[in-house]
Amino acid sequence: MLYLELFLSFVMIGFTSFGGMSMIPLINDEMLSHGWMTAQEVADIVAIAEMTPGPLGLNCATFAGMRTGGILGAAAASVGVLLPSLSLCLIAAIFMERFKESKLMGHALYGIRPVCIGMIAAVVIQQSMVNYAGTWLLGISWQALIIGAAALVLLIVLKWSVPKTIVVSAALGLLFGVLFG
Amino acid sequence: MDQKQRSRLPDVFINFLKFGCFTFGGGWSIVAQIQKEYVEKKRWITDEELLDFTSVGRSIPGLMIGNASVLFGHHVAGIPGALLALLGIVLPPFAIMIAVTFIYGLVKDNAYVSYAMMGVRAAVVPIIISAMVKLFKAGMKDVFCYLIALGGLVLCLFTGISNVLIVVIGAAAGLIYMEVKERHAVS
Chain A
1 MLYLELFLSF VMIGFTSFGG MSMIPLINDE MLSHGWMTAQ EVADIVAIAE
51 MTPGPLGLNC ATFAGMRTGG ILGAAAASVG VLLPSLSLCL IAAIFMERFK
101 ESKLMGHALY GIRPVCIGMI AAVVIQQSMV NYAGTWLLGI SWQALIIGAA
151 ALVLLIVLKW SVPKTIVVSA ALGLLFGVLF G
Chain B
1 MDQKQRSRLP DVFINFLKFG CFTFGGGWSI VAQIQKEYVE KKRWITDEEL
51 LDFTSVGRSI PGLMIGNASV LFGHHVAGIP GALLALLGIV LPPFAIMIAV
101 TFIYGLVKDN AYVSYAMMGV RAAVVPIIIS AMVKLFKAGM KDVFCYLIAL
151 GGLVLCLFTG ISNVLIVVIG AAAGLIYMEV KERHAVS
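Chains A and B, in that order, give the protein sequences.
No gaps in the numbering here: position 82 of the first sequence is 82 in the numbering used here, and each next residue is one more.
No gaps in the numbering here: position 150 of the second sequence is 150 in the numbering used here, and each next residue is one more.
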């Protein structure tokens, strides 16, 4: 049964990964071993998932499900990849609410909060290397840098919302692309 | 579930549908959007709580965006809130991907699409920075916090240690530090 297979396959991907790029090798293995996609298609889907809004894992699930089993397949795969959020995370949410006032929880969070800030900073550095520079820091894109600087001013100084900033950045990208190709 | 929580459900669902249309850059843009809508504008949660949802969401398997939505939704409107937040954040990308599978060939190598995407990708880092700047004050209370943050940054950048383990190390460091600090205060 294809739907069940899609569902189970993405349940496994969901539970054994932590989002983003860490999902790619797992998705790759599952797609190839079931013969649902070729390696080239997996590479394409990663590129397309980056272009469309939404988490990579969900976009891959929707695309793989759609290609193999239509809309029902897409739904089965998506619910599968969301199962950790629906189960483990819901339990964690209930747990967090219950122990919110506990002293130990407060102490643990005192360390967790800054470590998370450090991890966000790491993402900023990693994403900067991908989005503003070419391979091995060669070929820094001045167009991307200008758009990035503009977006920073829009968000922090002018306090624009994220959607508005994204739309303007896309328009600037289009403008630069058409002008300078 | 009380009246206040129930009255929040439509707001959560509609806003998360909106967030879902603009979640580029691996989940951090939803943090920036929640910050603006629910910390600054509506004041339903604090920066500290948002930071907690983010860290816990990151350390649970699955999609961080989905996890953070569930944690936020449950906090403001119970289990129905969690489910509606998740559904809201997931529906737009789901619908868009279904459309994209039909025009896959057109989108894949289209120059205009890739120009616009260059612009969107260039905005991802500023979006993450704008979220981080606001969460910074919530997480950084003393020198210990700066050291821990630096540790998290270094571990994340230069080692292959998983995010979960880094969060666990942070939790352990917090427990030990606060214990020592309290004993010190007593003696």
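It cannot be assumed that every hint is accurate.
Cβ-Cβ distance ranges computed for the label pairs, FRET-style [said to hold, decoys possible]:
| no. | chain 1 | residue 1 | chain 2 | residue 2 | range |
| --- | --- | --- | --- | --- | --- |
| 1 | A | 39 | B | 43 | 46 to 54 Å |
| 2 | A | 29 | B | 180 | 29 to 37 Å |
| 3 | A | 35 | B | 4 | 45 to 53 Å |
| 4 | A | 175 | B | 179 | 36 to 44 Å |
| 5 | B | 14 | A | 43 | 19 to 27 Å |
| 6 | A | 129 | B | 4 | 24 to 32 Å |
| 7 | B | 176 | A | 39 | 18 to 26 Å |
Treat the hints as calculated values from the structure; they're not laboratory data.
Glycine included, every Cβ here is placed at the ideal spot set by N, Cα and C.
Each hint tested on the structure:
1. A hinted range of 46 to 54 Å for the beta carbons of residue 39 (chain A) and residue 43 (chain B) is consistent with their spacing of about 49 Å.
2. Between residue 29 (chain A) and residue 180 (chain B) the Cβ separation comes to about 45 Å, which falls outside the hinted range of 29 to 37 Å.
3. Distance hint check: the CB atoms of residue 35 (chain A) and residue 4 (chain B) are about 51 Å apart, consistent with the given range 45 to 53 Å.
4. For residue 175 (chain A) and residue 179 (chain B), the hinted distance range of 36 to 44 Å is not satisfied, since their beta carbons lie about 57 Å from each other.
5. Distance hint for residue 14 (chain B) and residue 43 (chain A): a CB-CB separation of about 36 Å, inconsistent with the stated range 19 to 27 Å.
6. In this structure the hint that residue 129 (chain A) and residue 4 (chain B) lie 24 to 32 Å apart at CB is violated, the actual value being about 45 Å.
7. At about 46 Å, the beta-carbon gap between residue 176 (chain B) and residue 39 (chain A) misses the expected band of 18 to 26 Å.
In this structure, the hints that do not hold are numbers 2, 4, 5, 6 and 7, in rising order.
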